[in-house]
Every structure is written in C-alpha cells, then in structure tokens.
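Chain by chain, the residues run as shown.
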Amino acid sequence: MDNKKNEVFFETKKLTKKFGEVVAVNQVDMVIRTGEIRGLIGENGSGKSTISSMISAIHTVTDGEMLLYGTPYKPKDPGDARAHGITMIVQEMGTIDGLTIAENIFVGDEKRFAHHGIINRDEMNREAEKVLKNIGVTDVDVRKPASSYSLETRKLVEVAKSLYYDPILFIVDETTTALSQNGRKIIYRIIHELRDKGKAVLFISHDLEELINNCDVLTVLRDGKMVDTIEKADFDENRIKHSMVGREIKGDYYRSDFDGTHGEKVMLHAEHISNEVLHDVSITLHEGEILGLAGLSGCGMHQLGRALFGLDKVKEGRITAAGEAGSEVSISSVQDALNCRIGYISKDRDKEALVLPASIKENLLLPNLRKMGALISPRREKEYAQKQIDFLAIKCSSMNQAVGELSGGNKQKVSFGKWIGNNSKIIIMDSPTRGVDIGVKTTMYQLIARMKKEGYSILIISEEMPELIGMCDKILVMKDGKVTNAFNRDETLSEQQIIEYMI
Amino acid sequence: MKSITFIKRNRNNLVCYGSLALVIVLFAIITKGQIFSAYNLKSLAGQMVVLMIISIGMIFMFAHGTVDIASGAVAGLCTMIITLVLNATGNVPVSVLAAIVTAVALYLFMWFVTAYLGLMSIIASLAVMFIARGLVTYILSLNDGRINIIHYDMIQPLKSNVAYALIAMAVVAVIGILLFNYTRLGKYCKAIGDNPISAEQSGARLKLVKFWCYVIAGCCVGLASLFLLARSGNVGKNIGSGTEMDVMVAVILGGMNLNGGTKSRIGAAIAGVITNTLLSNGLTIAGVNQTYITLVKGIIFIVIIGMTLRQNKSVAEMPR
Chain A
1 MDNKKNEVFF
11 ETKKLTKKFG
21 EVVAVNQVDM
31 VIRTGEIRGL
41 IGENGSGKST
51 ISSMISAIHT
61 VTDGEMLLYG
71 TPYKPKDPGD
81 ARAHGITMIV
91 QEMGTIDGLT
101 IAENIFVGDE
111 KRFAHHGIIN
121 RDEMNREAEK
131 VLKNIGVTDV
141 DVRKPASSYS
151 LETRKLVEVA
161 KSLYYDPILF
171 IVDETTTALS
181 QNGRKIIYRI
191 IHELRDKGKA
201 VLFISHDLEE
211 LINNCDVLTV
221 LRDGKMVDTI
231 EKADFDENRI
241 KHSMVGREIK
251 GDYYRSDFDG
261 THGEKVMLHA
271 EHISNEVLHD
281 VSITLHEGEI
291 LGLAGLSGCG
301 MHQLGRALFG
311 LDKVKEGRIT
321 AAGEAGSEVS
331 ISSVQDALNC
341 RIGYISKDRD
351 KEALVLPASI
361 KENLLLPNLR
371 KMGALISPRR
381 EKEYAQKQID
391 FLAIKCSSMN
401 QAVGELSGGN
411 KQKVSFGKWI
421 GNNSKIIIMD
431 SPTRGVDIGV
441 KTTMYQLIAR
451 MKKEGYSILI
461 ISEEMPELIG
471 MCDKILVMKD
481 GKVTNAFNRD
491 ETLSEQQIIE
501 YMI
Chain B
1 MKSITFIKRN
11 RNNLVCYGSL
21 ALVIVLFAII
31 TKGQIFSAYN
41 LKSLAGQMVV
51 LMIISIGMIF
61 MFAHGTVDIA
71 SGAVAGLCTM
81 IITLVLNATG
91 NVPVSVLAAI
101 VTAVALYLFM
111 WFVTAYLGLM
121 SIIASLAVMF
131 IARGLVTYIL
141 SLNDGRINII
151 HYDMIQPLKS
161 NVAYALIAMA
171 VVAVIGILLF
181 NYTRLGKYCK
191 AIGDNPISAE
201 QSGARLKLVK
211 FWCYVIAGCC
221 VGLASLFLLA
231 RSGNVGKNIG
241 SGTEMDVMVA
251 VILGGMNLNG
261 GTKSRIGAAI
271 AGVITNTLLS
281 NGLTIAGVNQ
291 TYITLVKGII
301 FIVIIGMTLR
311 QNKSVAEMPR
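Same order as they appear, the protein sequences are chains A and B.
In this text, residue positions in the first sequence follow my numbering: the first is 1, and each later residue adds one.
In this text, residue positions in the second sequence follow my numbering: the first is 1, and each later residue adds one.
The set of hints was computed from the structure by calculation and includes no laboratory data.
Here the structure is a predicted model, which is why all the values come from computation and not from measurement.
Do not take every clue at face value.
Stated by the list, open to error - A short list of chain A residues far from chain B (calculated; beta carbon distances all over 10 Å):
#1 Q181
#2 D257
#3 L296
#4 K351
#5 P367
#6 K418
What the hints assert, rightly or not - Derived DSS-like pairs (lysine-lysine); straight-line CA-CA distance at most 30 Å:
#7 B:K207 / A:K425
#8 A:K313 / B:K207
#9 A:K482 / A:K351
Backbone N, C-alpha and C define an ideal beta-carbon position, used for all residues, glycine too.
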C-alpha cells in the first residue's frame, strides 16, 4: 500500500445511522487523508462514537456509503475492518479479564502460533512482549491475567494490540479520559509517530485542549450532522465551542412575551445542598415561575433535578417545598415530593419516565393511583385517561395502545400527561424536548407557557440554550456541580453570554 | 393485516383460552364425554385446589419480576406445622393460622434478603426451598420418617366434600382478582415488573409493594397446605415437592410471561391450572400410561412456551 502524505484514502458519503426512529448520524460527508490527525468533537449524543463504530464495523450502516481508496468499503465485522487496515480503541474496556495479557493481544488470531493445532505459548508470549515494547511499555508481565493490571495498563495493551496490525487508520475513541498524564503522553507520542509515517488517526475526545494541541484538522458534529471542519491554522477555542453547542433559533415558537414576573410564593427551595456531584447549590422556584437550568451534560444539573424530586440523596443542606396547608415540607424521598405535588419528567424517557410495554392508560394513571382510593373502577380509569389524551391531543389508535409503539413526541406527551393529570403544581422537566420534532416542540412550548399562566411552577433542565432563553423567567447556569451565574428573562440575552459560564 | 395486529396484541389471551378450549374439546372427544361426568368434575376440583390457590398467590410474584421456586417446599413444611399443631391442640383454625404464619415468615425472609441484601430473588427462594425441605426431613427423621395426624377426621371432609375446595378456590380467586386488577398494589406490581425505575418515579414504593406480594404468596401457600395435607393424609418426606414446577407450567399454559410486567394476568393462573389439571386428568382417563403423561405434558408445554415467550425482535439499543 502506498503511504503518500495528504492523499485522500477514506471518505464517507451521506453516511447515516438510525436507531429505530432516532437519527444518530445524519448524512455525514467526511474526508480523511493519510498523514493527518483528525479530531472529532461534539456534545454527548452528537454522533462521534457512532461514526467511528460504523467505520470499524461495530455498528452497521443504515444509509450512505464509505469509500476506501475510492472503492466501496463494506466491512462485515471488526476483524474485516482490521484486515482493511482500520483499528479502533473503544471508549469502554476492550480487554478480557480472565485471559493473560498475551492472550488478550492475540485474541481471535491465535492461529499464527499454532503448530499442528497446538498453540506455542512461549512464542506467543515473546511476540506479545515485542508488541508492547514497540509502544514503549516494558514493565508488563504478559503471562499475568489482564485483571491484575490497572485500567491504564490495559488500555495501553489495547493500543499495542491495535498497532500490531499496522493500521492505516487508527481510531482512538475517548480513550484518554481513562488515562493519567503519563498514559496520555504515550498515546500522543504514538499518534504523532503514526502521522509522521503517513498513516491517519481519528481522534475522538471531549477535551478541547487535547484536541487543539494534537490534531491537524477538527470536524465538529452536532445532532448527528457535520457542522464544521476547521484546519489547524484556524483553531480557535471560541469558534469550536460555538459550533459545538450553538444552535440557531428557528422561527418564534417560544414564549412571545418578555414578562419575567411570577408569583411571590416560594414553591420549591433548596438551601446549600451538596452531594457527590453538587456543591453548595441553592435555588428557589416560585409560583408561576419557569426556571431554567443550563450547563454541559456533566455539570450536575440533571442530578440537581433528581435531588429536588427526592431521587438522589443530599448530604448537606435542605430541600423544602410548599405543603398543602401553606407549611414548609422537607423533601428527602419521592413520596415527600409527591405529597407536595411535585412531578418529574426524566430525561431518559424510554428507560425512566415511561413503562414502554404498558398502555397509554396505564402510564397516565401510574402517578395518580395513590389518589384513586382502595378499589379503582375501570370506568374512572378510562375517563381519566381519555381526559388527558384529549387535553394533550395524543395521537394513538386507542388508550390501550402500548406507549412503546408511539412516536417520540407522543411519548413525551404521555410523560407530561402523567403529571398534569394528577394535579401536580411543581413540575421538574429534564430535557423535555429531547428527540421530538419541531411540530411537537411547538406544542410543548405552548403548553409550558399556558401552564405558567395557570400557576404551575416549572423547572426546565436543558442542554438547548435557545429553548431556555425562549421559555424561562430566569436561567441558572451550572458548571462542575455549582451554580455559576443567573440571568433574568431579557430580550437581549444571547447564547454566548450563557456559554461563557458553562465552559 | 388487522387480524395480525389483533393476534399479536392478544397473543397471551389466545394462548390462555385457546389452550383451555383445545384441551376441553380434545378430551371431550377422546374420553367420549367421560371427563365431564359429575364424578370426574368433583375429582377435578379436588385435584386442582392446591395448585389453584398457590398459583393465584404466585401471580403476584411473577408479575413483579420474581421467580419463586420455594412454594412446594414451604407448602410441605406447612403441612407438618398443621399436623404438629393439630396433634397438640386439636384445633383446625389455630393450626391453619400457624401454617400461614410460618409460610408468610419464610416468604418475608426471602423478601428481606432480596430487598435489603440485594440478592437475586431466585437465589433467596432457592435457599428457603432447602431450608424448608431440610426442616421437613429433619423433623421426620426424629419421628421414624412419618408423622400421622391424630385428628385426621377433623380435616378429612376437606377431601371428601368437594364444596370446601370449590369455596376456597372461589374466595381466593375473587380476592386475587380484586387485588390484582382493581387496586394500586396490582397495578404497581405490573409496572414494577416492566420498569421499576419508572414505577418508582411515579410513586410506587418498590420495597413496600414487593412486601405485600410476598405476604400474599405466603398466605396462599399456607392455606393451600391445608388441602395438600387433607388429600395426602399424612406427612411424608416428599410432600408438596414439585408443586413449584407445576405452578410454572400452569401459569405458562395460562399465557403468563414469567418475566412479569404489564401483560401479567391473574386469569393465567385460573385458566392455566384448569388446563393443566384437565390435561393430566384427561390423559389418565383416556388410558394413557402414567409414564407417557409426563412426556406428553412436556411436549405440550414446550409448544406453548414457544408461542408465548418468543420475544419480538427488539429495537437496537441506542449506544451511549
């Protein structure tokens, strides 16, 4: 094979991957040249890992094609990809605990040491030592099981294993997060060596600094689409950040008013709460207020939502809510939260918010069962469910249809209906419009605005900045488990102002 | 197309009543109606009472996602408790109460181990199975391998007069249906079987719901042991053994998915036990050798499992 530099050798054309209804990668056209380190960056769920998994044949391609040296490349399995010169270090653990380091390196390829069907272990171990030495690792006993070594060492073993097959394209998928500074240095050295030899590296990471320092070209993904490709000369932290996070505001389906006023009554209040993730967080939610929580996915805002609903324990501080008789009630369990008429819509709709195999009726009723008395009449159940289905205009064949068969938007309507129906007054919504199309989003926003008018107190936790700016009376920005700033509703508020406190 | 969706959605119902109807028609023909003679109907009721009561209790376990295999051994231990208490006091209600208390205590032990020590429920029930079976064997060894009931005449009517069995089954079935279909407990139970996280976030207290399920199962096993004892007449070392498997066979014949969840139905226990009993009884009346009965039942069982438990091809999981 020819290893000239700067030669296009790998291309994707309208590469698309769907998981059921969800589009994870949307028509990506990417070109990789030999002799370059290509960085891939984007938020969680932007499709980075899915793209690399398709290239290395861990996932199948839904649509579009990949070209290797101009000819269609359709790997059957990771072994086939390896035979084409593409190897990958995965995000998760890729070694098998019970096997020795040497066995791990040659797993699936033991044949090369077989003589008349018997594997020559000494030969395998010697070869394994050589492989490790190639990447500068000498203090590992290849006869010991993988489980006796640290995560870092095992990762390096994986690297050695991938390099053994002399890849033309070497994919590193968020491997460095698991490594110490020392381990990272080894990886950086290896990928630079590969580049200098005229190979290509696809480097996926969350760490912007590491990408800027090591990559020649950066590709930015957002919502499964390729939004930007930046050459080294144009690397600029702010530009990259903005193309990563920024979303355009399309049309005006948010609240049209800029009246940020709300009732005086405090409905939900957290005072200096701390736990494993949160550090001294205080927030106050008033009657008729829409409060927003902004931040990157690891900032602790999701955990704050869980803590406020009594799902996550708080080590220090106190959470209180307005009880039935105007009293202050302390929240330390889901039961407390429900007694104070708090509702919670989890961001993981399919795994947490809904019981997918159960019917729409059963799902809608679930949070209201506590109020339906000892014996529940089927007629009342039907009336209750029908009321919510009509109110939210849920599209379904009947109330007995399984929720799992509904579209994303209608599923989300059901999870809204669960809490609207049972007379909750405070609703915590974690990523309420994730994975729903524009049409349903509009309905959701109208609904949220209407709920504010009716006196509901709403906490919106979201990674989508325009949504928060468009809907909230007040936005709290979180970073590293702390609240870093607060913005009141204002026509002039921009994403940039908020992002500054997020990153 | 519409009929296919209908079949898909009602597959469990179809299996439940379909296999019951099939068995009824089949044996009506094979036995030339003998199976429905007044005499045989009486004996059928007697044969199914133990399994019926236990299966109804077990539906609450299966529905929330627990597979219990201790019911046979616990029922066996309970027959011994009834015998010992009855021999000592001569009072039937007291001895039945003692059996129910014992069964509930053992089931709550399983609940505790599962809920607080985080062990898999099937491991806990395996342990309880050995404990109960071991106790029976040990106490029997102290009594020359068999305990006779001094006051057998007091519980003998339960065997000879089929009305008791019918009443017991009807009462347990009505209570079971009410609890399972018309109360919070039953609804939470099904939701937990499918998605405990969602159920918890919607206000179900997982441990509490499971607590009541275990109590119900214990009560049913305790009560059933009275009929088990009445039918066998004395306590031997194998009393009740294999009941747990019969329960599983019955509820699966009734169209129950042992993984539990929202498609769980209490009717699976009722129809399933009837199907199961008819199957054994009908094969016997038809003159099939006892050895083949197990074999034939095994084949029918696997066919029905194939129809109910076959999972739909699941949608690929979203990565990360």
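Each hint, compared with the structure:
no. : hint            : in the structure
1   : Q181            : 25 Å, holds
2   : D257            : 32 Å, holds
3   : L296            : 16 Å, holds
4   : K351            : 7 Å, violated
5   : P367            : 4 Å, violated
6   : K418            : 7 Å, violated
7   : B:K207 / A:K425 : 27 Å, holds
8   : A:K313 / B:K207 : 18 Å, holds
9   : A:K482 / A:K351 : 27 Å, holds
Hint check: violations occur at hints 4, 5, 6; the rest are consistent with the structure.
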